[in-house]
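Given the sequences, and given the hints that come with them, work out the whole structure.
The residues making up each chain are set out below.
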Amino acid sequence: MNAAPALEVKRLSIKFGDFTAVDDVSFAVNQGEIFGFLGANGAGKTTTIRMLCGLLTPTSGSALVGGLGFGDGGLGIKKIVGYMSQKFTLYNDLTVGENLDFAAGLRKLAPAFAKKRRHELFELIGFNKPLSSKVSQLPGGIKQELALAAAMLHDPEIIFLDEPTSGVAPASRARFWGLIRRITGLGKTVIVTTHYMDEAEQCGRIALMRTGRLIALGSPEELKRSAFPGPMAELDFKGAEPKPFISALEKAAGLLELSPHGMRWHAAFADKAAMDAALAGLPPSAAAALIQPSLEDVFIRLVEGAER
Amino acid sequence: MKRTLLAFIRKELIQTLRDVRMRVLLFGAPVIQLTIFGLALSTEIKNINLAVISGPGDAMFGRVAEGFYASGWFKRVIYGSEAPFELIASGRADAVLIAPAGGLARSAARGDGRMQLLVDATNLTKARAVEAYARNIISAAAAREYGARAEPALKFDVRVLYNPAMESSMFLVPGVMGMLVCLITIILTAMSLAREREVGTFETIVSAPLSDAEVLLGKTVPYVLLGVMDAALVVAAGYLIFGVPVRGPLWQLALASLALVITTVSIGTFISTIARNQQQAMLGGFMFLFPAILMSGIMYPVENMPGAIIAAAYLDPLMYFVRLLRNIMLKGGDLHVLWTNLGALALMALVAAGAAYKRFKQTLN
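Residue numbers (my numbering), protein chains in the order written: chain V, 1 to 308; chain E, 1 to 365.
Since the hints were derived computationally from the structure, they do not count as laboratory data.
Warning: the hint list may mix true and false statements.
On the chain V side, residues computed to face chain E include the following (Cβ under 8 Å) [stated by the list, open to error]:
1. Cys53
2. Leu55
3. Leu75
4. Lys78
5. Tyr83
6. Phe88
7. Thr89
8. Tyr91
9. Asp93
10. Asp101
11. Phe102
12. Arg107
Computed far set for chain V versus chain E, every beta-carbon distance over 12 Å [unchecked claim]:
13. His119
14. Phe127
15. Arg182
16. Leu186
17. Gly204
18. Arg225
19. Ser259
20. Glu304
The C-beta atom is built at its ideal place from N, Cα and C for all residues, glycine as well.
Encoded structure:
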């Protein structure tokens, strides 16, 4: 496998009028990696991906996608990447075969090549329904898998998936992620955006975005370690009134993060000493347990914490 | 290029023709609308109920009255002992023709062959028609009775060309055809593009390595084809239902239809670049269509419009197309009329396609 990164982004920015949608973003993605973008709506994930697919021209900065830049208006990039937008990308009123034929026509694929790819991809996604099935009559999960097949018909090396599993049942989501892992197993690079923390956990590395800026980058473990260098405790008040203790805790020295999780609270501290001191006054009926921070905690600390 | 275009054509045709609503819009609606408009917009008045009242043995008046019924415009009203006014007031007759006392022949011999015609003018159009028909019929009757010696009080010198029967469907149907082709192509194109943008499938199209021109052609050529198909259908329906002839050569008709359809598909494309969803595209289409139809001369002659409207009418592609259709179908395709109007329409097609391309490019990102 060659060592050149699949994607190399340097100080990429794009402005729409006065609005800076993506602000000075730099990162690189290795070949065969699952690279995730995590962020709230409007954080700039989709805009970044659309630039890297050659759909938008950046205002400043540069990017090499599979070694190609924006010099030709994105045409070269479009040839070597696959893109699945967050909206539904197949035609509901066409059959599976008609949809794939159109995708092949859009990319000017030779009929024999398209047919060979169709067989390969059907095998990959485990599609065994007739080609004449109407897309509108297929279940949501299978539709998304077919949309992925259509985006990969031209055998791209780099595949961009923009929220591929939104609105899909949990079991189908898990199936789809199995598919993503199989694709990267073939040496392809997958860049994916998501809202789901459990999906982000499955990425090799995650870029966390907020208001157009990249605020953290690393593997899920790295992000957790850098956001929470000290221990984290889950507080369960078991019916006791949490308010007096929580308002005292908020002022405790060494508290990094305090957030409600349903009936419980997560409290992160700079180190063990700070935690022990802060939790000394816990009501007797309440319990504290040491937990591993989740990506959700990371997200709350880095993204929402910055907004407070 | 060719492979992509063919893929687009196949996809759009399948999508359009598979949808029952689209099939109805494309093929059912034009035929039905043509029939309804052709019949309902008729300016020709028929079935006028006419009662005649005369004394016994008035043979000359009887012959005049028969002339009315023989014309085909009037229907005989059978009545009892009602007074003439009563016949009209009750609505049983639209007009009553009354012979002079003592007989028509005798009063004509006195130099005053005056019959009385009562006309119900609650429907002004009908009343005017009755009056005009009556003048024709009576002067014809006078000529018949007295030959060249007759000196009719009124002289008629109307020569009706191309439509000797003055059947208004002949005049109206080509106009309605133009209107339908215009309506369907604009709405269909604007809706199809707006739908792709709304649903999100447009993202897939623009993510393919295609030039702007390829995307635009892919989304418009199928609708030009459908539009030309529809034009052919409407001409066939006009011929079969109303007997509107195609006196000029078919290539003229094909060229005119192509020029119009390119213009309207471009306008539809332009509208779709402004509209955010299908409803807006539909509304935008009608915002163009209503004035275009009113100024086209389909129903009201352009010459009768105020100056500013005439100026606007010259920017109406439908006006040129309606002129072309009437010229080709009824007159047999006078070449001067053909080339001037076709030239104007082709110019509009060029400008519209250029504007649509420019606007389309801007909105791709």
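Verification of the hints:
no. : hint   : in the structure
1   : Cys53  : holds (6 Å)
2   : Leu55  : holds (6 Å)
3   : Leu75  : holds (5 Å)
4   : Lys78  : holds (4 Å)
5   : Tyr83  : holds (4 Å)
6   : Phe88  : holds (6 Å)
7   : Thr89  : holds (5 Å)
8   : Tyr91  : holds (6 Å)
9   : Asp93  : holds (6 Å)
10  : Asp101 : holds (7 Å)
11  : Phe102 : holds (5 Å)
12  : Arg107 : holds (5 Å)
13  : His119 : holds (20 Å)
14  : Phe127 : holds (19 Å)
15  : Arg182 : holds (23 Å)
16  : Leu186 : holds (21 Å)
17  : Gly204 : holds (24 Å)
18  : Arg225 : holds (37 Å)
19  : Ser259 : holds (35 Å)
20  : Glu304 : holds (29 Å)
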